[in-house]
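Undergrad: Given next are the chains, with one letter for each unit.
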Amino acid sequence: NAGVTQTPKFQVLKTGQSMTLQCAQDMNHEYMSWYRQDPGMGLRLIHYSVGAGITDQGEVPNGYNVSRSTTEDFPLRLLSAAPSQTSVYFCASSDRQETQYFGPGTRLLVL
Amino acid sequence: AQSVTQLDSQVPVFEEAPVELRCNYSSSVSVYLFWYVQYPNQGLQLLLKYLSGSTLVKGINGFEAEFNKSQTSFHLRKPSVHISDTAEYFCAVWGSGGSNYKLTFGKGTLLTVNP
Numbered sequence: 001n002a003g004v005t006q007t008p009k010f011q012v013l014k015t016g017q018s019m020t021l022q023c024a025q026d027m028n029h030e031y032m033s034w035y036r037q038d039p040g041m042g043l044r045l046i047h048y049s050v051g052a053g054i055t056d057q058g059e060v061p062n063g064y065n066v067s068r069s070t071t072e073d074f075p076l077r078l079l080s081a082a083p084s085q086t087s088v089y090f091c092a093s094s095d096r097q098e099t100q101y102f103g104p105g106t107r108l109l110v111l
Numbered sequence: 001a002q003s004v005t006q007l008d009s010q011v012p013v014f015e016e017a018p019v020e021l022r023c024n025y026s027s028s029v030s031v032y033l034f035w036y037v038q039y040p041n042q043g044l045q046l047l048l049k050y051l052s053g054s055t056l057v058k059g060i061n062g063f064e065a066e067f068n069k070s071q072t073s074f075h076l077r078k079p080s081v082h083i084s085d086t087a088e089y090f091c092a093v094w095g096s097g098g099s100n101y102k103l104t105f106g107k108g109t110l111l112t113v114n115p
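Note that the protein sequences, when read in sequence, are chains A and B.
For the first sequence, the residue numbers in our numbering are 1 to 111.
For the second sequence, the residue numbers in our numbering are 1 to 115.
It is possible that some hints are incorrect.
As the list claims (entries may be wrong) - Derived contacts from chain A toward chain B, CB cut-off under 7 Å, selection only:
| no. | residue |
| --- | --- |
| 1 | Phe10 |
| 2 | Gly40 |
| 3 | Gly42 |
| 4 | Leu43 |
| 5 | Leu45 |
| 6 | Gly103 |
| 7 | Pro104 |
| 8 | Gly105 |
Simulated from the structure, these hints should not be mistaken for lab results.
By construction, the Cβ of each residue, glycine as well, lies at the ideal position given by its N, Cα and C atoms.
I would like the entire structure built from these sequences, with the hints used as guidance.
TA: This is the structure in structure tokens:
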């Protein structure tokens, strides 16, 4: 049981580039979400999904896209990277609505 | 809408001293409450949670928290800390019921345990 996995661990982008952060879970959880963590800000919800084919916006969705074609995968797409998107990104999953299990994170630097 | 306030951004303590990390929340619905811990350069790990029942909740590594509905608080305590407890601690609230699927985090408290 790998739990929640995220790739890549580190990424450097130039302003305007696009990329996809990968997230996968092998626990058959229905609920998955993406957060960003910035110093002094805690974790803020970007997007979430309550099942395959269903996604919704969180607190800070601008500049990000998500899709959920399978239960296992929940990729986060940056459409046109900006320096303000420099952050640590965490994916989480849950079999119930409330107890979430977090991946190890992706550190993103946008120059 | 719901929100979480962690009253201290940093808490320095000496090893073997007791510690309390304070958390207050606001919500218009019943809530589930959580404490997560993040060690340096790692993801978040669930420390403990309150869903219902006894208001005193025990978690991993000797931590406990008490849910106080009248004061809308969920403070985290440990009677004797170790160097290894140095980490950032996050309080979080989940509004139960309805279509509220959002876990809202506080801004975190950095606990530093000194020898």
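Undergrad: When the hints from earlier in the document are held up against this structure, which numbers fail?
TA: 1
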